[in-house]
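Given the coordinates of chain A, work out where chain B should sit on it, guided by the hints.
Chains A and B, in that order, are what the protein sequence lines are. According to the numbering used here, the stretch in the first sequence is residues 368 to 458, in order. According to the numbering used here, the stretch in the second sequence is residues 32 to 448, in order.
Do not take every clue at face value.
Part of the chain B face toward chain A, derived, beta carbon under 8 Å [stated by the list, open to error]:
hint	residue
1	Arg105
2	Thr174
3	Gly306
FRET-style restraints, in silico, Cβ to Cβ [unchecked claim]:
hint	chain 1	residue 1	chain 2	residue 2	range
4	A	Glu383	B	Asp362	57 to 67 Å
5	B	Ile238	A	Asp401	56 to 66 Å
6	A	Arg433	B	His308	54 to 64 Å
7	A	Glu383	B	Ser167	19 to 29 Å
8	A	Arg433	B	Pro78	42 to 52 Å
9	B	Ile245	A	Asp401	51 to 61 Å
10	A	Asp401	B	Arg169	25 to 35 Å
11	A	Gly403	B	Gln393	41 to 51 Å
12	B	Pro106	A	Ala425	19 to 29 Å
13	A	Asp405	B	Pro78	33 to 43 Å
It is worth saying that the hints were derived from the structure and are not from the lab. Here the structure is a predicted model, which means the values were calculated and not measured. Each residue gets a CB set at the ideal place from its N, CA and C atoms; glycine is no exception.
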Amino acid sequence: MTHDEIVAAVNRVLVEEFELAAADIRPDARLRDDLGLDSLDAVDLVVSLEQTFGGRVAEGEARKVRTVGDVYALVQNTIADYASRTASSGS
Amino acid sequence: MTARTRRADGAHRVVVTGMGIVSPLGNDLGRVTQALREGTSGVRLMPEWRKIDGLYACLAAPAAPGLDPQVIPRPFRRSMGPQALFAALAARDAVADAGLDEARLCSGTVGVSIGSTMGSPEALTAFFRHLIGSSSLRGIKSTAFLQTMAHTCAANVAILFGITGRLIAPVSACTSGSQGVGAAFEAVRHGLQDAMICGGADEAHFIAAGTFDIVGGASRREDPSATPRPFDADRDGLVVGEGSGVLVLESLEHAAARGARIHAEIVGYATNCDGAHMSQPQQSGSEACMRQALRDAGIAATDVHYINAHATATPIGDSIEASATAAVFGDRVPVSSAKGQTGHTLGACGALETIFTVLMMQQGFIAATRNLDRIDPACGGIQHVQRTRPATIRVALNNNFAFGGVNTSIVLRAFEG
Numbered sequence: 368m369t370h371d372e373i374v375a376a377v378n379r380v381l382v383e384e385f386e387l388a389a390a391d392i393r394p395d396a397r398l399r400d401d402l403g404l405d406s407l408d409a410v411d412l413v414v415s416l417e418q419t420f421g422g423r424v425a426e427g428e429a430r431k432v433r434t435v436g437d438v439y440a441l442v443q444n445t446i447a448d449y450a451s452r453t454a455s456s457g458s
Numbered sequence: 032m033t034a035r036t037r038r039a040d041g042a043h044r045v046v047v048t049g050m051g052i053v054s055p056l057g058n059d060l061g062r063v064t065q066a067l068r069e070g071t072s073g074v075r076l077m078p079e080w081r082k083i084d085g086l087y088a089c090l091a092a093p094a095a096p097g098l099d100p101q102v103i104p105r106p107f108r109r110s111m112g113p114q115a116l117f118a119a120l121a122a123r124d125a126v127a128d129a130g131l132d133e134a135r136l137c138s139g140t141v142g143v144s145i146g147s148t149m150g151s152p153e154a155l156t157a158f159f160r161h162l163i164g165s166s167s168l169r170g171i172k173s174t175a176f177l178q179t180m181a182h183t184c185a186a187n188v189a190i191l192f193g194i195t196g197r198l199i200a201p202v203s204a205c206t207s208g209s210q211g212v213g214a215a216f217e218a219v220r221h222g223l224q225d226a227m228i229c230g231g232a233d234e235a236h237f238i239a240a241g242t243f244d245i246v247g248g249a250s251r252r253e254d255p256s257a258t259p260r261p262f263d264a265d266r267d268g269l270v271v272g273e274g275s276g277v278l279v280l281e282s283l284e285h286a287a288a289r290g291a292r293i294h295a296e297i298v299g300y301a302t303n304c305d306g307a308h309m310s311q312p313q314q315s316g317s318e319a320c321m322r323q324a325l326r327d328a329g330i331a332a333t334d335v336h337y338i339n340a341h342a343t344a345t346p347i348g349d350s351i352e353a354s355a356t357a358a359v360f361g362d363r364v365p366v367s368s369a370k371g372q373t374g375h376t377l378g379a380c381g382a383l384e385t386i387f388t389v390l391m392m393q394q395g396f397i398a399a400t401r402n403l404d405r406i407d408p409a410c411g412g413i414q415h416v417q418r419t420r421p422a423t424i425r426v427a428l429n430n431n432f433a434f435g436g437v438n439t440s441i442v443l444r445a446f447e448g
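Looking at chain A on its own, in the form it has when it is part of the complex (with noise of 0.2 Å):
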């Protein structure tokens, strides 16, 4: 997936299930200061994530997530290293 792609994913996800506005979604946005997330919102986006573009997110790797850009980095690496997992299973 290219990064508009997975931009567009992401803030699909962020308007549709968590019916943020989509004007208030910047990379530089702060899920839980600007944005209200919580803790179970925490939890949920990660789920919703790994609905949308397969894969494990790493828990280690999404506690460090503060902002929207974080959650495009996140899932991109989430993405490539599953790729890359996959590849190198044979399947």
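Below, chain B alone, put in the same frame as chain A:
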């Protein structure tokens, strides 16, 4: 003031200052009153249920259209399955109707007492379908448990309003709502809370229909206009319905001090169980409950003007209830069941039917039992209402019964000061 707001024994008088409703007959008090008058049915065909092997029931009474879940902000709504959403919407209307402000709601002097048969059946089904299908917990959202836990309705309503008083969640199937009202009544009567937001909620889910179908208690008719048929000689079982009834109960002292409008007074309540059989009610238990409620209210059977029956249209339940009612009241008091119109709304019915009774008391009529064309002789001995008629109801009784032999009776009186 003190003598007027308390009973002779010092207990607080308890009044209804707010009502909110989600039901197959409508989602506002005006529409529901009209539907009760007109005898309309909220029952419809559920074509999607035909896909479920072993389920013969194909009718249900879903909540009336027009609900807007979006009025509940997402941070509160995310932990609500359909039944908790019904409770939240009904509670919102009840609190607005009562005019309770945020300061009072959060003060610790207001509590919640709302029940349901279980956590959300829809959320439970999704949870287990996922778990059994994938043998994995991955993909399950954090809020799944919050929707499926048994006290989901009470907890969601408490958090929606910032309630810091007591939280009670009666889980007793068809008496969940009436026990919700009863527990609230007792809390206010004994001065433990100034006000309680109370009632019940439930979903019309195929699990509920199936539960009754398996034991031969669900109607297998396919004409939605002709079933259920409480007390009728041709009844063949219940139809599952859904919704929520929420009431605000307050001490008269508290209500009067803030100039609240009063809908009615609850003057007595009793609950007991039969201790005999899981699904077959016992006349002795139901009868004892009604007598206890009248004693609690200090009211004689001869002073009751209307009885709202539980009567779900099961062959055995209706006849046992009729016999118990006849033993206490004879045929002096008009009796009707709303379930011919709403189906059996399960955990919601005790609260919904308390609200229906208050509406009839306020508007001066008794709604007939819909589909009661030919009274079953086994349900004789009581005064059935087959045509809706004007009536002055000063004192009324609302009865409900549940699996496990649970019985409840709520005594209502028109508020006259």
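**Request:** Would you settle whether the hint for arginine 105 (chain B) is holds or violated, based on the nearest Cβ-Cβ distance to chain A being less than 8 Å?
**Result:** Hint holds; arginine 105 (chain B) Cβ to chain A Cβ min 5 Å, cut 8 Å.
**Request:** With 56 to 66 Å as the target window, see if isoleucine 238 (chain B) and aspartate 401 (chain A) comply at their CB atoms.
**Result:** Violated - the Cβ-Cβ distance for isoleucine 238 (chain B) and aspartate 401 (chain A), about 41 Å, lies outside 56 to 66 Å.
**Message:** Given glycine 306 (chain B) as an interface hint, is its Cβ closer than 8 Å to any Cβ of chain A?
**Reply:** This interface hint is violated because 42 Å lies over the 8 Å limit.
**Request:** Using the beta carbons of proline 106 (chain B) and alanine 425 (chain A), state whether their distance is inside 19 to 29 Å or not.
**Result:** The hinted range 19 to 29 Å holds for proline 106 (chain B) and alanine 425 (chain A), with Cβ atoms some 27 Å apart.
**Asked** Should the hint that isoleucine 245 (chain B) and aspartate 401 (chain A) are 51 to 61 Å apart at their CB atoms be regarded as holding?
**Response** holds, 52 Å
**Prompt:** Lying within 25 to 35 Å: is that true of the beta-carbon distance aspartate 401 (chain A) to arginine 169 (chain B)?
**Reply:** Holds: the Cβ-Cβ distance is about 29 Å, inside 25 to 35 Å.
**Item:** Cβ separation of glutamate 383 (chain A) and aspartate 362 (chain B), checked against the hinted range 57 to 67 Å
**Value:** holds, 59 Å
**Message:** Quick check on a hinted range of 54 to 64 Å for arginine 433 (chain A) and histidine 308 (chain B), using CB atoms only.
**Reply:** holds, 59 Å
**Request:** Check the following: the C-beta atoms of glycine 403 (chain A) and glutamine 393 (chain B) are separated by a distance inside 41 to 51 Å.
**Result:** holds, 42 Å
**Asked** Falls inside 33 to 43 Å, the C-beta gap from aspartate 405 (chain A) to proline 78 (chain B)?
**Response** Between aspartate 405 (chain A) and proline 78 (chain B), where Cβ atoms are some 40 Å apart, the hint holds.
**Message:** Using the nearest Cβ pair, does threonine 174 (chain B) come within less than 8 Å of chain A?
**Reply:** With a minimum Cβ separation of about 6 Å from chain A (threshold 8 Å), the hint on threonine 174 (chain B) holds.
**Message:** Taking the Cβ atom of glutamate 383 (chain A) and the Cβ atom of serine 167 (chain B), is their distance within the range 19 to 29 Å?
**Reply:** holds, 24 Å
Violated hints for the displayed structure, listed by number in ascending order: 3 and 5.
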